[in-house]
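Novice: Using the sequences and the hints given, assemble the complete structure.
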Amino acid sequence: MDSTVKVDTTHSYQFLGLNSNHGAWPVSNYGQDVIIGVVDTGIWPESRSFDDDGMTEVPSRWKGECESGTQFNSSMCNNKLIGARYFNKGLLAKFPNLTIAMNSSRDTDGHGTHTSSTAAGSHVEGASFFGYAPGTSTGMAPKARVAMYKALFDEGAYISDILAAIDQAIIDGVDVLSLSLGIDGLALYEDPVAIATFAAMEKGIFVSTSSGNEGPYPETLHNGSPWVLNVAASTIDREFQATLTLDNGVSATGISMYPGNFSSTEFPIVFIEACENANSLKKVGHAIAVCLDTNETLSDQIYYAREANLIGAVFISNNADLTFFTESSFPAIFYNLEEGQSILDYVKNDSNSMRKASIKFKETRLGSAIAPKLASYSSRGPSQSCPYPATPLAMGAGHIDPNRALDPGLVYDASTEDYINLLCALNFTSNQIKTITRSNPYNCSNPSLDLNYPSFIAYFNANETNLNSTTVKEFARTVTNVGNGNSTYIANLTELKWLNVSVTPEKLVFSKKYEKKSYKLRIEGPKVMRDSLVFGSLTWVESGGNHKVRSPIVATQA
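Going by the UniProt record's numbering, the first residue of the sequence shown is number 1, and it counts up by one from there.
Treat the hints as calculated values from the structure; they're not laboratory data. Just so it is clear, the structure is predicted and the values come from calculations on it, not from any experiment. Among the hints, erroneous ones may be present.
As the list claims (entries may be wrong) - The list that follows gives simulated cross-link-like pairs (lysine-lysine, DSS-like), each with its CA atoms no further than 25 Å apart:
{"no.": "1", "residue 1": "Lys512", "residue 2": "Lys473"}
{"no.": "2", "residue 1": "Lys520", "residue 2": "Lys497"}
{"no.": "3", "residue 1": "Lys283", "residue 2": "Lys203"}
{"no.": "4", "residue 1": "Lys203", "residue 2": "Lys143"}
{"no.": "5", "residue 1": "Lys473", "residue 2": "Lys517"}
{"no.": "6", "residue 1": "Lys497", "residue 2": "Lys517"}
{"no.": "7", "residue 1": "Lys283", "residue 2": "Lys63"}
{"no.": "8", "residue 1": "Lys527", "residue 2": "Lys507"}
Specialist: Encoded structure:
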């Protein structure tokens, strides 16, 4: 299971452009009657995010149930939380004598409650994280319904239980499946998420999965099945901060999520040469310690500072992502080297031995960060992109714009048959394909690796010895016009270094809505690439219109 990522939703919807006046929210009536099935660690039904005030009756098409269990009564469901089931037969088969502490849909981890409220939480006024990010929290579809399928327990989680949960969600009649879980290193025919979501795709259920939280390392992507939406983690333009004010009047704002109350009184502030040394910190006494980390010792410094029962601590570090450390259980504030330099200059000045400072916590600042950016912890494809600008292997289709997604202009459709053709081309055995499709009647007469996807990746032979030989990679795509009936799109290509790229035809002319047009993309270059990875893009630009339909292009050695 992926680890929990704490994200507050009092600003996220605004950052995404969602509002009550126009766009996706009013057009969709805030997701009314969409049933979101969540397979996760359970749910905390008493959360105000699952209040059903203003919700209409449960749709008659719903076939699910609200199962009673440990500390969970079926009466806890309502018109918002319309279903709750739990699945652990696989876990108990593995450990017959195991006692499950919370044998119900109740959440003891917090992850399932978090993902459910993010997707469909009701409006909750006066929400905050111990004073940070105060405001009204809301899910992205606040009038949608939630059905919880608990398959991940504190005692463990097994493939068979995840499969059973997803299968039951399909039977119950969910419209959307949200799966913030993943399994490392499994082929498609061994991956329960890939297998179960194939069936969901066949039933017309939209499946959203997490990419994982194992970045920035390469080849860490979870849930790479082409029939699901794979969602990475990104940042927003909000920071949780605290301000240190020195007794010389200089103030410096750092990041912090310390949740407790803190006195506004000035305290002595001292610089400690070796904060990773417990004895050094214990000598500080009733003061604020300033710690400098340039050798990746920040985790140790935080641990020893907490154990020393300091008044507070200031950590100045060259760590690339300080947000990992900010949710501290004791008063701490974090700075990078540049931001913390003024503090160091002052506290290391021997001429002033009676230095003092105060700290103000629980500050929330919007627009203070460059966003969106790919989160450093987000899993990604075979190219490690941090700290460089994100490549298509990391950022995928880019950041979601819900309002513009209502009017994309052109779309790339793919059918069940297209996915089966892909499986056939992957040289899976007939039994392996049947494991995924879970049906006998499938046709491998037209295998193709060229799935009708809005992206392109060309593989060149890394073992080629003839440096002068060339190779050609061709891709066929079909787009459907979902915009205006009469529209023309012109191809705009950004070059790929050392390669020749062309598209035929260069113009797509549509005379009606839902009309389909096909084109081919051609990449020509040496069999041995000069660079191991190069990137470009194809953008179909509507002539005289507002639509720009962009697809990333990647060329790499294999």
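Novice: Are the Cα atoms of Lys203 and Lys143 separated by 25 Å or less?
Specialist: holds (23 Å)
Novice: With a cut-off of 25 Å on the C-alpha distance, tell me whether Lys520 and Lys497 pass.
Specialist: Roughly 20 Å separates the two Cα atoms, so the pair holds.
Novice: Between Lys497 and Lys517, is the straight-line Cα distance small enough, at 25 Å or below?
Specialist: violated (28 Å)
Novice: Hint check: Lys473 vs Lys517, CA-CA at most 25 Å. Holds or violated?
Specialist: Holds - the C-alpha atoms of Lys517 and Lys473 are around 21 Å apart, at most 25 Å.
Novice: Between Lys283 and Lys203, does the CA-CA distance stay at or below 25 Å?
Specialist: violated (66 Å)
Novice: Is the hinted pair Lys527 and Lys507 satisfied, with a Cα-Cα distance of at most 25 Å?
Specialist: violated (29 Å)
Novice: Starting from Lys512, check that the Cα of Lys473 is at most 25 Å away, please.
Specialist: violated (32 Å)
Novice: Compare the distance between the alpha carbons of Lys283 and Lys63 with 25 Å, and conclude whether the hinted pair is satisfied.
Specialist: Violated, at roughly 64 Å.
Hint violations for this structure: numbers 1, 3, 6, 7 and 8, all remaining hints satisfied.
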